[in-house]
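Here is how the chains run, residue by residue.
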Amino acid sequence: MRDFLRLLARNQLALAGLIVLSAVVLLALVTPLLPLQAPNVTNTGDRFLPPFTEGHLLGTDHLGRDLFSRLMYGTRLSLAVGFAAAVIAAVLGAAIGILAGYYGGRTDNVIMRGVDMLMAFPYILLALAIVAALGPGLLNALVAVAAVNIPFFARNIRGITVGIAHKEFVDAARLSGMGDMRIMLGEVLPNVIPVIVIAMSTTVGWMILETAGLSFLGLGSQPPVADLGSMLGEARSALITNPHTSVVPGVMILIIVMAINLLGDGIRDALDPRLRSGALTRPMAATTVRRDGPVPEAREGALLDIRELQTQFHVKKRVYRAVGGVDLEVKPGECLGLIGESGSGKSVTALSVMGLVASPPGVITGGRVDYKGTDLIGARYEQLRTLRGREIAYIFQDPLATLHPLYKVGDQLIEAMTAHGRAPKEGARQKAIELLKSVRIPNAEKRIDSYPHEMSGGMRQRAGIAMALANDPEVIIADEPTTALDVTVQAQILSLLDDLRRSRGLAIIFITHDFGVVAQLCDRVAVMYAGRIVEEGPTAEVLATPAHPYTKRLIACVPELGEGRRKLAAIPGLPPPVDDLPPGCAFAPRCAKATPACTEPPIELMPFAGTRAVRCIHPENDAAAREAAE
Amino acid sequence: MTLALRLTELEKTFPLKGGLFGGPRGHVHAVNPTSLEVRQGETLGIVGESGCGKSTLARMLVGLLPPTSGAIEIEGEPLSRADPAAFGRKIQYVFQDPISSLNPRKTIRQIMEAPLKHLHKMGAEQRAARISEIFAAVNLREEFLERYPHEFSGGQAQRIGIARALAAQARILILDEPVSALDVSVQAQVLNLLADLKTEFGLTYLFISHDLAVVEAVSDRVAVLYFGSVVELGPAERIFARPHHPYTKLLADSAPVVGRPLTAPEAKGTELPNPIDPPSGCAFHARCPRASEKCRQVTPELFDMGDGTQAACYHPVNTE
Chain A
1 MRDFLRLLAR NQLALAGLIV LSAVVLLALV TPLLPLQAPN VTNTGDRFLP PFTEGHLLGT
61 DHLGRDLFSR LMYGTRLSLA VGFAAAVIAA VLGAAIGILA GYYGGRTDNV IMRGVDMLMA
121 FPYILLALAI VAALGPGLLN ALVAVAAVNI PFFARNIRGI TVGIAHKEFV DAARLSGMGD
181 MRIMLGEVLP NVIPVIVIAM STTVGWMILE TAGLSFLGLG SQPPVADLGS MLGEARSALI
241 TNPHTSVVPG VMILIIVMAI NLLGDGIRDA LDPRLRSGAL TRPMAATTVR RDGPVPEARE
301 GALLDIRELQ TQFHVKKRVY RAVGGVDLEV KPGECLGLIG ESGSGKSVTA LSVMGLVASP
361 PGVITGGRVD YKGTDLIGAR YEQLRTLRGR EIAYIFQDPL ATLHPLYKVG DQLIEAMTAH
421 GRAPKEGARQ KAIELLKSVR IPNAEKRIDS YPHEMSGGMR QRAGIAMALA NDPEVIIADE
481 PTTALDVTVQ AQILSLLDDL RRSRGLAIIF ITHDFGVVAQ LCDRVAVMYA GRIVEEGPTA
541 EVLATPAHPY TKRLIACVPE LGEGRRKLAA IPGLPPPVDD LPPGCAFAPR CAKATPACTE
601 PPIELMPFAG TRAVRCIHPE NDAAAREAAE
Chain B
1001 MTLALRLTEL EKTFPLKGGL FGGPRGHVHA VNPTSLEVRQ GETLGIVGES GCGKSTLARM
1061 LVGLLPPTSG AIEIEGEPLS RADPAAFGRK IQYVFQDPIS SLNPRKTIRQ IMEAPLKHLH
1121 KMGAEQRAAR ISEIFAAVNL REEFLERYPH EFSGGQAQRI GIARALAAQA RILILDEPVS
1181 ALDVSVQAQV LNLLADLKTE FGLTYLFISH DLAVVEAVSD RVAVLYFGSV VELGPAERIF
1241 ARPHHPYTKL LADSAPVVGR PLTAPEAKGT ELPNPIDPPS GCAFHARCPR ASEKCRQVTP
1301 ELFDMGDGTQ AACYHPVNTE
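Residue numbers (the working numbering), protein chains in the order written: chain A, 1 to 630; chain B, 1001 to 1320.
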């Protein structure tokens, strides 16, 4: 709630709307207590007095009634009717929407087609018809305005409900013995209330206008009772001669509706989860770079060299050190595995290479990514763009999310090639077919015209790999490319990647959480924990004699096929949050070997057994590894 | 030995949506007639790839989906109507995604109280006592009860999901990929907790997963599902070590194992059969290196393989 108010207050227009509306509502509430003249007492002798006449602050109307008093009472009535109509429409509309969305199928069809029919009439015509059937009167106008707005709520709420009704927590509620009615009220309704509030806040103003419209036509409030619409209607004939009689209620309508709409927009922005998650903050084309320290030198012999890379997320006052100084290098034709649990920073490391971390909130705060002598971190956007996909390409976890759903796979491949101006348009299609063949998509000539949704998960990932290969890159960064796939398909994709790197000399950085995959595919492996590399070395050695206690215990957690039924080892506790890292070793709180020295910073990545490195002062298998090295 | 669960010829087909008028255009066979028995206190693992019908099967077992035909018997009592409330006291479900199985707008206490209130009609005091008891059993602190689901990590949320299933006092739990959304270090915590709870409360588990190694580690017996049918059923320690059905062999060979060189165990680019137009005979024949004419025409039943394993194959591998 406090968050909501803070978000709302940040929007100054909405805040202004809130203040104005509160003032109007407050005045309307206390109107009967104010020392006003009776609003309905006529005094034809004082008709059409101008504003600021003594005793009549805003003048009088055609029957000599005090305009200020009528305005206050009229505002009170208009607000009451508008809000009442909104509440009625929201309650009925939400009820209809939830019923239709929850039951689905035929119930949904019948209800929603009925709602569609209501919507097919122009709203004013429908309102007029309802009032004509019920007879004029403020109450009937209210019914008409509410009825006209029910479809809007019903459709909105139904859409949201359909999504919620298929959520797992609804199934869980069913299994807890809750009936349909209970589920709709107890599980679904709390989740749609924000949507109802948003819809109400954006329609109240509209409903006040509609009520005023009906009253203006003489179908709403009946004389002598005033509401804003009927005041306007009565003043119509004197519009030219005595404009103040129509200006006064007109300005009030303007103020109310403007205030409500500004506030409504603010409420929507503050409540809508899509907007809150940052849909409105457009990330920049490349990650912001703010390096304070000196830029480290590149090492010899590496194709892609990541040195002391630091990437942080700045969210409000918090700083999340997602990547806290990572060193990695990969040579041509080499496959480097980057392994770690969720939140260890492995994906952010990969995305930082090409400046693909969303900014805001991501900031690269230090280090160097050297590719063939160019520092990519400091590179200009134009330069990065020519390298993206052409020299360094990515394969992501979910190919359904990375392929555009509305374009054919072939067209997307061709676009990837022509974007870098490497392939002439004519030959592009032929080249795309060859690419699809090279990733072993059967029937490539036909498949090139498929849409992503027409392909199976394995085929889509192949298309994703084909896209990464389109410009003959030197380096491929694969971020959990097989995690979403079935094992039989995973095996095919892994052997495909292995063939490709051997035949094309590709360097691959393979990010995963699966030791089995790393063992089969990667020459070297780096283990990440809480934003840092804790161990690095040739895959076989690291897996056989892990040096860091974290690596050792993580490997022990993974059940291996063929070992039968057993109790698994577990690591107690959770990784530390990266906005609150402990000093010294981040694993120390979970480590059985931790000593006081482990909590004293800094613990560096130290060479270990020749070709390896470990960030630990009490490494495992110390003697055994030394022996093996000698 | 008492049976916890018996399925007889349980089947589920989904009608394909037709035009505005007229009936459905056809049917998708999600689960072909399947018979299975689960003994009291046993863990039956169910493995299969996406689309093999394992989740549909699980949802039928707890009454979330009505079966097209066939019968479910729980602890000797037949359950004819798909009514989760009737099922709920005997059999419960632990969901794959721990966070989305908890209503974001309810406190953990409200979530935990629902089964106690609606399935067992307990009073407020009784509920509080029962909840503390269960929370102690799953190693959760009671201060968590007043918090909302988004404040929990995946592992904690999954423990809450397990606690909710236990609260219903069901003695059979369907675990639908309970650890696949969790990190390995947390996965082991949850799996060990499940093993402890099983001995403590005498539970029976149906453990559904796509991860062969996890299933092998926790199960007594394993059923391999392919395309809506059980193709192999046998003791966990033998089924992947000495598979009989070629599909089981393919699965076992595909799993990445440390120390085994990388090979694609299958010819390139094979695709799953089309569920709307299923192949005749054995559903696996198009991918199978041992397929014969008979396989293309007649669907094999489960045959006894002599070592406690059953496989639906005319030409099984690894037989003496």
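What the hints contain is simulated information worked out from the structure, not anything from laboratory work. Fair warning: there could be bad hints in the mix.
As the list claims (entries may be wrong) - Far from chain B, some chain A residues (derived; all Cβ distances over 10 Å): (1) PHE169; (2) GLY457; (3) GLU474; (4) VAL517; (5) PRO601.
To be verified - Selected chain B positions facing chain A (in silico; Cβ < 10 Å): (6) ASP1097; (7) ALA1129; (8) HIS1210; (9) VAL1298; (10) GLN1310; (11) TYR1314.
Don't be surprised by glycine CBs; every beta carbon is placed ideally from N, CA and C.
Are there hints from earlier that the structure breaks, and if so, what are their numbers? 1, 2, 4, 7, 9, 10, 11
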